[in-house]
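Asks: What follows is each chain in one-letter form.
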Amino acid sequence: MSTPDDTRSGEHDGSAAPASNDEVPKAPSPRPEPTRRDFLSIAISGTAASLGVFSAYPVVRFLAPSGDEQLRTGDAGDEDKFPRGAGRMVLLGSKPALVIRLDDGTFRAFSALCTHLQCVVAYSAERRRIECPCHRGVYSLEGQNVSGPPPSPLKQLACEVVNGKVIVSEV
Amino acid sequence: MEGVARKWFAERLGTGALLERLRARQVPSFSVPQYTGGVVIFLFLLQVATGILLMLPYRVDPASANASIEAIVGQVPFGSLMRGIHAWASHLFVAAMMLHLASVLLLRRYRAPNELVWLLGLLLLLVGVGLAFTGTILPWNENGYLQARVSSEMLGQGPVFGGFVKRLLRGGDEVTPWTLNHAYGFHTGVLPAAATLLVLLHTVQVHRRAPLADPGAVPTIPVYPDFAVRMAAACVGVMALVVSLATFVPVPIGEAVDLRASVLNAQPPWYLLFAHELVGSAPPMILGLPSAQFVLGALSLVGLFAVGLPFIDRRGSRITLYVGLVLIAVWGLLTAHAVL
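Same order as they appear, the protein sequences are chains A and B.
Going by numbering that gives the first Met the number 0, the first sequence runs without a break in its numbering and finishes at 170.
Going by numbering that gives the first Met the number 0, the second sequence runs without a break in its numbering and finishes at 339.
Next comes chain B alone, as it looks inside the complex:
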């Protein structure tokens, strides 16, 4: 009976042909970017699923946003688990993206013909960090409020488009209730849609070509069933980690923001601490520019370097590799300094 049903569906969906193609397709038996990338996609899907659930009881309103999250955690059945999974998955999501980027950088997989994959990946990092960051605004607690303020002010320092970016993020010139709406719209609509599209393009670009530059140089396995099973095992491990964290390590909700009541202090999430440290320790002016503007310019140059990397690093030079290592080290040191 089961076999009949399976055959009926397989004939209509064409799964047999697809599985045959996946069986014939070989990938390296072990490759760090392959697994970190797969984990990024898994964590993204996990966040889409829990995020859609969380949209239902969450209220997009400065007066009740914080209380609605209190209610999700305190009253909605399994609300605490869903929010915990969503929040912890977002931290691991950013971490997995960084590991993926670092592995691609150090293995120099960005080189031709992978330029577009690399650029799509950089764009995905931007969208992914934007997703995680806009999520920290939604509880509309002190930290979220100040993060919305500081980040929009920081990005608004840029030339030409600065003003546009600032109003886009704030939903006006000032931080108002509309800022929360904009953050919510980006977090639940714009950015997930962009990320879905980019993940598809990125992954299709990776798999469209034969992924092996030098067939036979490394041991390979077929995509199905060997790689699929290994990837599934990795995802189960990640899921176990996320659920454990969500169960045993609560994510603080924070106090609803009250501008008249208290001294507001803010710390960005760990992945942006380096920028916090840079703008916090800089002198007021650098080279005649307000230091925040200077820091934004410097970070943009690093971004530009990353964009240009596959086009600079074509011959056997190791200089770009060293620059990459130095950047990772600087990021680590700044983050460590901010934490300690």
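Isolated chain A (complex conformation):
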């Protein structure tokens, strides 16, 4: 590698030539007159900096696109093949949703994304509740956060039977 000294050379040459001293100052001015070199240096570095900023914006937007997917409904299968007390996963686009058929035959649908850190929750038929396995979060069958780290209830989705099919859609 390089020696301690050889990187320090070259710091003071070239830049900021002192103002020529053959001029007699007419009045005591608080700041020295900017030289042509100063002006050009500011203009060039300013242009470079603004070019950098202007090119950064499209790059940043390109890197982090936003905008939602269009598909917002999902099919949970035939109503008469959906047992009471069971739960099923449905995809709304790429978002998982959970449909549960209660003992009285009615359907409930929730976004299957845990409100804690968006793990995918699952219905537990034995324990009659919705559970998030990642950090042991528990929700009631109403989607209410009961125990564990989830800070808020599951997002409720609309669920209706259309022509014998159970259709889930975002509200």
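Source of the hints: derived by calculation from the structure; they are not laboratory data.
Hints should not be assumed to be uniformly reliable.
[What the hints assert, rightly or not] Quick list of simulated restraints, FRET-style, between CB atoms: (1) V301(B) - K164(A): 50 to 56 Å; (2) G45(A) - R110(B): 56 to 62 Å; (3) L300(B) - Q155(A): 33 to 39 Å; (4) A42(A) - T202(B): 23 to 29 Å; (5) I41(A) - L200(B): 24 to 30 Å; (6) P33(A) - V159(B): 34 to 40 Å; (7) G307(B) - G51(A): 27 to 33 Å.
C-beta: ideal position from N, C-alpha, C; glycine also.
Go by the hints and put chain B onto chain A.
Replies: This is chain B only, laid out in the frame that chain A set:
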């Protein structure tokens, strides 16, 4: 004949002058940060080499990513070995970075004039953990899918830039096939390039200055040939360990993710278990904030402390040393608790 060829190349490449400089340069004969740092670089290069090979048969597509890794392990000649080396090297890489950090911390080598080396090292730790972590997403198995989800959601909890970070990691608002593309792009392009640059800056900064604050206080050896030979021996040992692990301890591929089929369970890699344990055992709300947000804030403060360390710890105080020891102990306890 061989001597003629060597002379011909040496004259043109200037290796003779370089070796003379390395012969003249002294380093401590034994220094833990020196060797752990060297091992980190070796493991990084090993992962670059095997990673480039693995890029060829891997398919960046949620539908076929998992199957392509099955094929690498099951069909591609020596694919299992290459993947094993890559995966095991990544675990040892993170472990070596942590040992390196701990040794620098405990020996207090971060002090002036090493502030920039320390800061570059912290940045490297971030990039290195990012490299290892994005690698766990690529098999697009249940764990990888959930890790992509949870990590982006966690980092998205931050103020101001949270939304940007989340979309950057996911390639959109949601976890979609583009999330796998983004993870792949970071893993094979952005992060290795950043790590290469940072390793160069970090190492050049270490060697630019005379590394000895007090010459004569410790026994020294020349960089070439003594240190080079010792470092090479250490790398051969590490290589033997990696190849043994890759041969005898298979790294599971996991099932391809199927959101409709099963209960997905996830555990982050061992080096992030402490965060898993923190967010998993916290109550829903802390001080009016969702606990995940609070934990992110607390971890950021620890990061800020690490950044400020060389500027706080300038006089002979031992307080920062104790804080460092406490942090290492807390990390160990949380990890142990998550494992047990």
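Asks: Each of the hints needs a verdict: does it hold here or not?
Replies: Status of the hints after comparison with the structure:
| no. | hint | in the structure |
| --- | --- | --- |
| 1 | V301(B) - K164(A): 50 to 56 Å | 52 Å, holds |
| 2 | G45(A) - R110(B): 56 to 62 Å | 38 Å, violated |
| 3 | L300(B) - Q155(A): 33 to 39 Å | 36 Å, holds |
| 4 | A42(A) - T202(B): 23 to 29 Å | 37 Å, violated |
| 5 | I41(A) - L200(B): 24 to 30 Å | 29 Å, holds |
| 6 | P33(A) - V159(B): 34 to 40 Å | 37 Å, holds |
| 7 | G307(B) - G51(A): 27 to 33 Å | 28 Å, holds |
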